[in-house]
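Colleague: Chains as they are written, first to last, in this note's numbering: chain A, 71 to 235; chain L, 378 to 1052.
Derived by calculation from the structure, the hints in this document are not laboratory data. If you're wondering where the values come from, they're calculated on a predicted model, not measured in any experiment. Hints are supplied without guarantee of correctness; some may be wrong.
With a Cα cut of at most 25 Å, we get these calculated PhoX-like pairs of lysine-lysine [unchecked claim]:
no. : chain 1 : residue 1 : chain 2 : residue 2
1   : A       : Lys102    : L       : Lys915
2   : L       : Lys617    : L       : Lys781
3   : A       : Lys102    : L       : Lys424
4   : L       : Lys463    : L       : Lys421
Below, a sample of chain L positions facing chain A; criterion: calculated Cβ distance under 7 Å [claimed, not checked]:
no. : residue
5   : Val487
6   : Pro986
7   : Ile1002
8   : Leu1005
9   : Gly1008
10  : Ala1014
Note that CB positions come from ideal geometry on N, CA and C, so glycine has one too.
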Amino acid sequence: MSDDSFEPKIVGFLCNWCSYTASDLAGTARMKYAPNVRIIRVMCSGRVDPTFLLKAFAMGADGVMIAGCHPGDCHYQQQNYKTMRRYAMIEQMLPQMGIERERVKLVWASAAEGQQLAEAIDELSEAVRKLGPLNWSRNWEENGGRIEALEAIVKEHEEALEVQS
Amino acid sequence: MITTQKSARIGVYICHCGTNIAGALDVEQLTAFADKLPQVVLAKNYKYMCSDPGQDLVKKDIAEHGLDRVVVVACSPLLHEATFRKAAEDAGLNPFLVQMANIREQVAWVTRDKVDALEKAKAHVAAAARRVAQHEPLERKSVPITPRVLIVGGGIAGIEAALTLADADKEVILVEREPSIGGHMSMFDKTFPTLDCAACILTPKMTAVKSNPHIKLLTHSEVEKVDGAVGSYKVRVRRKARYISEENCVGCMACIDECVFPKPKFPNEYDQGLGLRKPVYLPFPQAVPPVPIIDPETCLQLSKGQCKQKCVEACGERQAVLLEQQDSIEEFEVGAIIVATGFKPFNPSVMPYYGYGTLPNVYTSLEIERLINAAGPTGGKLMLRDGSTPKRVVIVHCVGSRDKNYHTYCSKVCCMYSLKLAHLVKEKTEAEIFNCYIDIRTPGKGFEEFYNRVQNEGVHFIRGKVGDVSPVVSDNGQPTNMMTIQVDDTLLGKVRKIDADMVILAVGLEPQKDAEEVRRMFGISCSTEGFFLEKHPKLAPVNTANDGVFLAGVCQGVKDIPETVAQASAAAAKALALIDRGSIELEPNTAIIDEEHCSGCRVCNNLCPFEAIEYDEEKGVSRVIAELCKGCGTCVAACPAQAITGVHFTNNQIIAEIEGVLYDSAPPRKEAVSV
């Protein structure tokens, strides 16, 4: 879709200790960056449940940013490594659900890296702008067969469980 | 899942922050937007919400309009969340029923376009309002604080902080990795601009540390591990083998005198390698503790296993020489930590054009400090390598500083110490002195006056960066002591060549080699150049993002001795204020496992680095130990049964926020599409 007026809507999950502080620093230093990432503060990037991403896409987000402390710098010792593992899984999962993996970006930004965070936001905004609107749930509606197929899988699964027990 | 809205009476308060916010977006339109959000009873805007009248506005409305939730749309919650929580609490509202929307740092200050800014601000406001409706009243838990402070680094910063805390009758553990405390300051001869002798003002403090009953001094020791949290950090310290018992040694130095090496043979690290020592040595005469140390690499017994062990014999029945000594581990519990690990001088050997390391009479400033120090390797006589007195000396400023190839920052102290060295070298040798500088920076009490004084003493100043130092070869091809220094004199507008027999490189200050590991151990960040990051550059210059860990001295950024002492006092005061309270209130955002829903799969167990999740074999469920949980929420995100609640960061609260930030993009949907 080549809509010039398209402004991507991106949800950003920023960890309290590094990236959220970096975004504050970008502000204090009056760095200007794309307005597309709307920020949600979590204590740690490890709190970001992959379902949050699906929720965001289902609600109409075009992209998601997860930002945490650099590997080795986690305020909670090593929880950003768990984010990395989940991110690897998310990257595998997204294309299967009809979402380009470029729509999700994992960023490391220390509390001193306002500039880097601002640049990452600009980059992701541009990347998503190029991809165009996602319209994830609407796409589902247009192709209703998919939902029925998914529901059928769930039903089969439930039946299979009942047989086993 | 679409979050169901609980009934709530929300008040939204939008701050202008002067023109910081109001100048960047239309606050009236934002207020009108907020007013129409579900469950919002009222929306107001005010010039400065953090001011007393601003806070009173909230308090009054809580009483008059029966608000049970408050959203403050202003700056970062990291700045003012505590302020508005307190205001709510004063008005009888649970402080956790307040949510902030950050539209200053994250919107107003970073968005070019006013319309874009308004749209982004609306999303943040919608998210906060939707989230706050999901908030639950919470109670903070109070835990006791161990009234003991760990200070890492025994330079002037660590010493000052230790003495300040000890003055308040608080226990201090002072850990220094070198064999003596004193740090870089103890290596200096005089201090600028007053020219007090560094040793005269420092050594009384060093001995005071040693004799203070409240201070446990651990030299030649390093912190290895830090666990726990503010109020009760558990630290493990490795006491490296000194091979001489601090308890038994009386400081007679007989072991040094009797060492099988008749004369000092090995370069003394403390003298920057300019002086020599034996394998058993005291780094410098005023070392504290005044106990020698044996270097295992040069000691014949320790390195080769064969020596007459004259030192043991000399010590006799005091039995202080312990050649069998091993490293030992000590563990402490402390309530607060002050990191004062100092700096490392820039090593100029990476700049071949200055000849450091290849030309014998090119020195760093720290080496010159040792050479002019009466307690230094030459007894305070400034001489060239061949023993002669220098006649022409060039001081090269900004070596490694203000240089995009090395450090772009200004090391701040070099101008003043170069002026000081110019004065001292002139006083000692009558040499002709040239200062080659980019800019002379002398902002400080008495600094400019000192600059004038040195100028009047006849020291030459050349404005320009030195490009090259090369040796002068005599007519018959023999090397000489002389060097040619090429400098681009920007005031004359031409390149000048100066011949001199001594070059002093005014090296900058940089973070310690292992600053990375140290900051990770203490859970603190660093700024881009590698110095440790304070919590706020202006308003919390000694705090770190890690509660209970404070900073003092150059490890946080370049500073001179007076500034270091001031900061160390501040860090001590902050640590004192913390540990003196006796207890500390913890944020309640821990994880809780609902045993009804826990299937006992134990996925969460291994995710917790704090071992805060235990498994109840009998019931077959996992349980969070609240005291150990730090509230990262990783287990919450991982629980396949959604049996873990991240308090104050619940799934519902975060999902409400997601719905909020996407308030304007929710697609027309069938209810079937739920995730």
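Colleague: Each hint should be assessed against the structure and marked as holding or not.
Modeller: We went through each hint and held it up to the structure:
| no. | hint | in the structure |
| --- | --- | --- |
| 1 | A:Lys102 <-> L:Lys915 | 22 Å, holds |
| 2 | L:Lys617 <-> L:Lys781 | 39 Å, violated |
| 3 | A:Lys102 <-> L:Lys424 | 24 Å, holds |
| 4 | L:Lys463 <-> L:Lys421 | 19 Å, holds |
| 5 | Val487 | 5 Å, holds |
| 6 | Pro986 | 4 Å, holds |
| 7 | Ile1002 | 15 Å, violated |
| 8 | Leu1005 | 12 Å, violated |
| 9 | Gly1008 | 6 Å, holds |
| 10 | Ala1014 | 4 Å, holds |
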